[in-house]
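Just so you know, the sequences run in chain order A and B.
At position 173 of the first sequence the residue is numbered 173 (this note's numbering), and the sequence of numbers has no breaks.
At position 234 of the second sequence the residue is numbered 234 (this note's numbering), and the sequence of numbers has no breaks.
Think of the hints as simulated: they come from the structure by calculation, not from any bench.
Glycine included, every Cβ here is placed at the ideal spot set by N, Cα and C.
Among these hints, one or two may not hold up.
[Stated by the list, open to error] So these bits of chain A aren't anywhere near chain B, every CB distance computed over 10 Å: (1) Leu7; (2) Arg231; (3) Tyr245.
[Stated by the list, open to error] Derived lysine-lysine pairs resembling DSSO-like cross-links, with alpha carbons at most 27 Å apart: (4) A:Lys203 to A:Lys135; (5) B:Lys203 to B:Lys3; (6) A:Lys105 to B:Lys262; (7) A:Lys262 to B:Lys105; (8) B:Lys287 to A:Lys110; (9) A:Lys293 to B:Lys105; (10) B:Lys203 to B:Lys216; (11) B:Lys203 to B:Lys243; (12) B:Lys14 to A:Lys294; (13) B:Lys106 to B:Lys88; (14) B:Lys294 to A:Lys88; (15) B:Lys216 to B:Lys196; (16) B:Lys262 to A:Lys106; (17) A:Lys216 to A:Lys203; (18) A:Lys92 to A:Lys14; (19) A:Lys262 to B:Lys110; (20) B:Lys262 to B:Lys105; (21) B:Lys106 to A:Lys262; (22) A:Lys291 to B:Lys87; (23) A:Lys88 to B:Lys293; (24) A:Lys196 to A:Lys14; (25) A:Lys14 to A:Lys105; (26) B:Lys262 to A:Lys110; (27) A:Lys88 to B:Lys291; (28) B:Lys88 to A:Lys291; (29) A:Lys294 to B:Lys88; (30) B:Lys262 to A:Lys262; (31) B:Lys110 to A:Lys287; (32) B:Lys291 to A:Lys87.
[Said to hold, decoys possible] Away from chain B, derived, C-beta distances all over 10 Å, residues of chain A: (33) Asn42; (34) Ser62; (35) Asn63; (36) Gln103; (37) Glu115; (38) Ser121; (39) Pro123; (40) Ala125.
There are 2 protein chains.
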Amino acid sequence: MNKETLLQVHERVKPYIHRTPVLTSELINDMVQAQVYFKCENFQKMGAFKMRGAANAILSLSNEKRSKGVVTHSSGNFAQALSLAAKKMGVKAYIVMPKNAPQVKKEAVKTYEGEIIECDSNPIAREEMAANVQKETGATFIHPSNDDNVIYGQGTAAMELLEDYPELDYIFSPVGGGGLIAGTALAAAFFSSHCKVIGGEPKNADDAYRSLQSGKIEFNEQVNTIADGLRTFLGDRNFPIIKKYVERIIRVEEEEIIEAMKLIWERMKIVIEPSSAVPFAALLKNKEDYKNKKIGIIVSGGNVDVGNLPF
Amino acid sequence: MNKETLLQVHERVKPYIHRTPVLTSELINDMVQAQVYFKCENFQKMGAFKMRGAANAILSLSNEKRSKGVVTHSSGNFAQALSLAAKKMGVKAYIVMPKNAPQVKKEAVKTYEGEIIECDSNPIAREEMAANVQKETGATFIHPSNDDNVIYGQGTAAMELLEDYPELDYIFSPVGGGGLIAGTALAAAFFSSHCKVIGGEPKNADDAYRSLQSGKIEFNEQVNTIADGLRTFLGDRNFPIIKKYVERIIRVEEEEIIEAMKLIWERMKIVIEPSSAVPFAALLKNKEDYKNKKIGIIVSGGNVDVGNLPF
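Bound-form chain A, shown alone (with noise of 0.2 Å):
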């Protein structure tokens, strides 16, 4: 992996994805005494940065392998991603998903034509079920995070933020399987002499956190977070890199995550999810560390029921 692969990885993915805009906001860098760059990923297909690494992942397959299908395990971003992405290749989703996931989240998947197979609500059901089907179908297995592909995809968000603003000297991203933040690590190793790359990450679901404190991957017992998409964990292909390239990793309370996502629907009028206001809550609570510095934050996504507000 360089800098050309991520380069090629970006021409392959770039017909099934936006360029999504860069917001900035006056009154949030007086607040953080920073300048901030908002990499808008709400504002890419199906509304989160999964498409990148979804489409990518799909497009290293062999012709062979693609009309066979592609399977995941997911209730969220990555099973509409994965849906989309197969739909606009001519390729068929399995998605695998708890029985008892939200109609709205069954729905989505359902618009981009994705397959749902329901499955009890473990992790142990969830794998057995996606073997199932890769071996009835033929289907191949792409994981929502733990895949070089799909690390390489969402890498392409950093990317495209660091061509449009080489000078940065730290990009925030959210924490949850690995997947965006390994991505967003080799792209600003690759593309930047300097720019640090930061995790924000529920106190709630810190896995990330402690696994680079003891240098293994750790769980979480539990993941009471109202950031769903992090509530997922590390894996061995992503683990290794944010060990690597990850300068820092930075734990938010649950209200802190609720503040910093009010505060970006107002003074940003954009819609974001709460995972999406993880990092910048991160940068808030340690803005003096930050102080005069140019930063970016990947927006992830923007998939929320705006019915049904923290706030």
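For chain A, the structure is supplied; the task is to place chain B on it using the hints.
For chain B alone, coordinates are given in the frame of chain A:
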């Protein structure tokens, strides 16, 4: 007034405004069977297009007049716009506002260092108080919508939109006091050979619709609409422009405004105020008439209490 004047106005206000982005959504295009371009004035400084007109109105004054300040009556976006524009130009702004205006609106004006002068909550008290302030301070009165320089300033939004998308067939604008739609109509007349302007207006505050029917300015008996920015009345400066250049005004019901607002939040991932949803609601309601056309929509602002939504 001609094309050159509007170009000069734009040059003059440029340092004080953002050139706002234009966003699109495939889902919305599919839904209305047309290509829709949203000019995002919710991303404008202080969160609404009003910044354009306010900046131009102050810039049109002599240095002597500027030294004595400006005064307006508004409890909405124009109060904030005039305060911020005046602050940036080192001019004093007096804002006449009803005693019972929401605290959040008063706070916003104070943030921008506008001086609030309270009055009773009726049009006569408001105008008397503004006249008082003029007499006592020598400040120049600037009407929020019925003022040529305000109208020209507001027209720069549509001018930018037509610079970016010269092939537009229609621009939809909300109709409140009439400043925005009059400016939009002038910009379309000067910068396009074929682009027509359509107004969206709440049925519950349909003075412009009825005025176009009767050919003279009609008034609203009541203004019971969620689109609080559109409760104001037409004036003698903007109505003749509207009469001459606006092709049609479409009225929408309250539920249609709320539905359109929610759709834009969910699909476009942007925070818009109810007034901004009105032109899109008008398009949705009459989409058969605009099939396969290229349509610009002025998204007028994003100042809304995100903790108190109608959905």
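For this session: Go through the numbered hints given earlier and state which of them the structure violates, listing their numbers in rising order.
Result: 4, 5, 9 and 33
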